[in-house]
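**Q** In case you want the letters, here they are:
2 protein chains.
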Amino acid sequence: MIIKLDENPGTEEVFDFINEAISKRAFIIIVACCRIKYRGRATSRLGSGDRTIIIKTDGSFLVHQDYNLEPVNWQPPNCKFKTRMENDRVYICGVRRNPPESLEVEICKTHMISYHIGKDIKKLELAGYEEDLRTMIMESPELIEKGFRPTSKEYQVSTGFIDILGKDKNGSLMILELKSRQAGVNAVKQLKKYFEDFTDHKDFVRGLLVAPSVTEDAQELLEKYQLEFKALEPPKELKSAKSVTLDFFNK
Amino acid sequence: MIIKLDENPGTEEVFDFINEAISKRAFIIIVACCRIKYRGRATSRLGSGDRTIIIKTDGSFLVHQDYNLEPVNWQPPNCKFKTRMENDRVYICGVRRNPPESLEVEICKTHMISYHIGKDIKKLELAGYEEDLRTMIMESPELIEKGFRPTSKEYQVSTGFIDILGKDKNGSLMILELKSRQAGVNAVKQLKKYFEDFTDHKDFVRGLLVAPSVTEDAQELLEKYQLEFKALEPPKELKSAKSVTLDFFNK
DNA sequence: CATTAGATTTCGGCA
DNA sequence: TGCCGAAGTCTAATG
Numbered sequence: 001m002i003i004k005l006d007e008n009p010g011t012e013e014v015f016d017f018i019n020e021a022i023s024k025r026a027f028i029i030i031v032a033c034c035r036i037k038y039r040g041r042a043t044s045r046l047g048s049g050d051r052t053i054i055i056k057t058d059g060s061f062l063v064h065q066d067y068n069l070e071p072v073n074w075q076p077p078n079c080k081f082k083t084r085m086e087n088d089r090v091y092i093c094g095v096r097r098n099p100p101e102s103l104e105v106e107i108c109k110t111h112m113i114s115y116h117i118g119k120d121i122k123k124l125e126l127a128g129y130e131e132d133l134r135t136m137i138m139e140s141p142e143l144i145e146k147g148f149r150p151t152s153k154e155y156q157v158s159t160g161f162i163d164i165l166g167k168d169k170n171g172s173l174m175i176l177e178l179k180s181r182q183a184g185v186n187a188v189k190q191l192k193k194y195f196e197d198f199t200d201h202k203d204f205v206r207g208l209l210v211a212p213s214v215t216e217d218a219q220e221l222l223e224k225y226q227l228e229f230k231a232l233e234p235p236k237e238l239k240s241a242k243s244v245t246l247d248f249f250n251k
Numbered sequence: 001m002i003i004k005l006d007e008n009p010g011t012e013e014v015f016d017f018i019n020e021a022i023s024k025r026a027f028i029i030i031v032a033c034c035r036i037k038y039r040g041r042a043t044s045r046l047g048s049g050d051r052t053i054i055i056k057t058d059g060s061f062l063v064h065q066d067y068n069l070e071p072v073n074w075q076p077p078n079c080k081f082k083t084r085m086e087n088d089r090v091y092i093c094g095v096r097r098n099p100p101e102s103l104e105v106e107i108c109k110t111h112m113i114s115y116h117i118g119k120d121i122k123k124l125e126l127a128g129y130e131e132d133l134r135t136m137i138m139e140s141p142e143l144i145e146k147g148f149r150p151t152s153k154e155y156q157v158s159t160g161f162i163d164i165l166g167k168d169k170n171g172s173l174m175i176l177e178l179k180s181r182q183a184g185v186n187a188v189k190q191l192k193k194y195f196e197d198f199t200d201h202k203d204f205v206r207g208l209l210v211a212p213s214v215t216e217d218a219q220e221l222l223e224k225y226q227l228e229f230k231a232l233e234p235p236k237e238l239k240s241a242k243s244v245t246l247d248f249f250n251k
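Protein sequences, first through last, are from chains A and B.
Note that the UniProt record's numbering has the first sequence beginning at 1, numbered continuously upward.
Note that the UniProt record's numbering has the second sequence beginning at 1, numbered continuously upward.
Hints should not be assumed to be uniformly reliable.
[Said to hold, decoys possible] Here are the simulated lysine-lysine pairs, DSBU-like style, with alpha carbons at most 30 Å apart: (1) A:LYS169 to A:LYS193; (2) B:LYS80 to A:LYS236; (3) B:LYS4 to A:LYS37; (4) A:LYS109 to B:LYS239; (5) A:LYS192 to B:LYS146; (6) A:LYS239 to B:LYS80; (7) A:LYS122 to B:LYS56; (8) B:LYS193 to A:LYS224; (9) B:LYS37 to A:LYS4; (10) B:LYS119 to A:LYS4; (11) B:LYS56 to A:LYS192; (12) A:LYS122 to B:LYS109; (13) A:LYS123 to B:LYS80; (14) A:LYS123 to B:LYS37; (15) A:LYS56 to B:LYS230; (16) A:LYS167 to A:LYS192; (17) B:LYS37 to A:LYS122; (18) A:LYS167 to B:LYS193; (19) B:LYS24 to B:LYS4; (20) A:LYS56 to B:LYS56; (21) B:LYS56 to B:LYS146; (22) A:LYS24 to A:LYS4; (23) A:LYS4 to B:LYS146; (24) B:LYS56 to A:LYS109; (25) A:LYS56 to A:LYS122; (26) B:LYS37 to A:LYS82; (27) B:LYS122 to A:LYS56; (28) A:LYS224 to A:LYS193; (29) B:LYS230 to B:LYS167; (30) B:LYS230 to B:LYS146; (31) B:LYS24 to B:LYS109; (32) A:LYS56 to B:LYS82; (33) A:LYS82 to B:LYS239; (34) A:LYS4 to B:LYS56; (35) A:LYS123 to B:LYS239; (36) A:LYS167 to A:LYS153; (37) A:LYS4 to A:LYS80.
No wet-lab data here; the hints were simulated from the structure.
Note that this is a predicted model, so its numbers are computed, not measured.
Throw the hints in and build the complete structure from the sequences for me.
**A** Listed below in structure tokens is the structure:
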């Protein structure tokens, strides 16, 4: 781990520090009083105040105020940086094409500056989203109801893709709309839309919303449209945890 | 500005540092080798590596890898922190209720740690989103076309809200769907949906998509549905800039 | 490279 | 507090 840091550096020091860090493709952290201008997909301005500025090795550019999870201003990866000094201030400008946009930070006073080059090869393992729910249902259709047989997933109809299509124990067509989180009215409307794509069918068709829960409004809409709901959570077990468990039982 | 920082601190030092910073509601930045577990809306795990950990004064909790704009793990504002020391490691656990979720960072080796309490009262001024476009059209309807008169905004129909409803110079009803950026097929489908809500009307109705541009697919869909398109960008002028301009001209 | 759909979306606004 | 909808959404996957 290479690391360099400085407390209350002067303007020129900051300027050199940033240029050195950018040329080394280091991870830069600056705590400074600054002003910010953004122009691109929208236009924004932020007056003078203490912020935390981050430049990542992939060219991501973030400015954080001391509240909110989200950065107040930012630039996605691969933006190009230009720095300059003017009137005892350092300017960092991050420019991106497609869409064309630029973010300029004017640093008035730097409290702390650091850069580091670390090691991190690990990727996040994540479970518990819609795809996991779909996989679980395809593997264990009885979770929906006894006799349910999925016939296809991501079935294309004129208005979009039906998450899972299948038949119940009586052979009736079932349209499943999946949500990994509490479903709102929009989920019901979407299901209704797919449902209507099959109204030309003579046979009885069922529309089923599958989600951990529904909002009250969505519940009412389901009843109005004669659609059904099945409470089901996406599995939240990590693959690595699963294989560990399997190994454990295989011993 | 109060600031405190330390390079390559020991485990106990880090533990005390963090506790002190949390009790002071300071903005904390840690660069450390760590492992991470998240459990709540989903489940995730991240193996050992160098990351940048941030705790904001509002209880936001972020862990950044050295690439991507988004944090690899996080906790939104107002999470409660618990720290502990175990086997020469510091654990920071951020817990939130509603939804119940927790994020735990296990710090193996700290490269840099800092906290600061700064001053920042400024709020972001932003212009160029859908509301600006709507306001502009309501104020200058002729931008849509000569003779256009808006009658209502956010008009409720069974399937949602129509952005702007109005009449053209011939008195025909016009349904406007606004997008602040390039419109895709979904925007056209939405407009179609609203359009169909008025098909019971005997009179001629026009559906108009208003956006800076459309994708090719969306363009085809517009033609297929006999809907129209008007290229219009949301104004990107800041209010402060506007009033400055007015002041300038009023002098 | 453009387009699309999901997200631990976040966030603000309104009931 | 819960729900809805926009966002400079971002991001990965797909054609």
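**Q** Hint check: B:LYS230 vs B:LYS167, CA-CA at most 30 Å. Holds or violated?
**A** Holds, at roughly 15 Å.
**Q** Given the hint that A:LYS123 pairs with B:LYS239, does the C-alpha gap stay at or below 30 Å?
**A** violated, 43 Å
**Q** Mind checking the alpha carbons of B:LYS80 and A:LYS236 for me, to see if they're no more than 30 Å apart?
**A** The given pair, whose Cα atoms are some 23 Å apart, holds under the 30 Å limit.
**Q** CA of B:LYS37 to CA of A:LYS4, is that 30 Å or under?
**A** holds, 29 Å
**Q** With a cut-off of 30 Å on the C-alpha distance, tell me whether B:LYS37 and A:LYS122 pass.
**A** Holds, at roughly 13 Å.
**Q** For the pair supplied as a hint, A:LYS224 and A:LYS193, is the alpha-carbon distance within the 30 Å limit?
**A** holds, 14 Å
**Q** Would you check the hint for B:LYS230 and B:LYS146, treating anything up to 30 Å between C-alpha atoms as holding?
**A** holds, 13 Å
**Q** Given the hinted pair A:LYS56 and B:LYS230, is their Cα-Cα distance within 30 Å?
**A** violated, 39 Å
**Q** Does B:LYS56 sit within 30 Å of A:LYS56, going by the straight-line distance between their CA atoms?
**A** Judged against 30 Å, a Cα distance of about 19 Å means the pair holds.
**Q** Has the given pair, A:LYS24 with A:LYS4, been kept, meaning a C-alpha gap of at most 30 Å?
**A** The hint holds at about 12 Å.
**Q** Would the hint linking A:LYS4 and B:LYS146 be met if the CA-CA limit is 30 Å?
**A** violated, 62 Å
**Q** Is it true that the CA of B:LYS56 sits at most 30 Å from the CA of A:LYS109?
**A** Measuring from Cα to Cα gives roughly 21 Å; hence the hint holds.
Going through the hint list in order, the structure does not satisfy hints 5, 11, 15, 21, 23, 26, 35.
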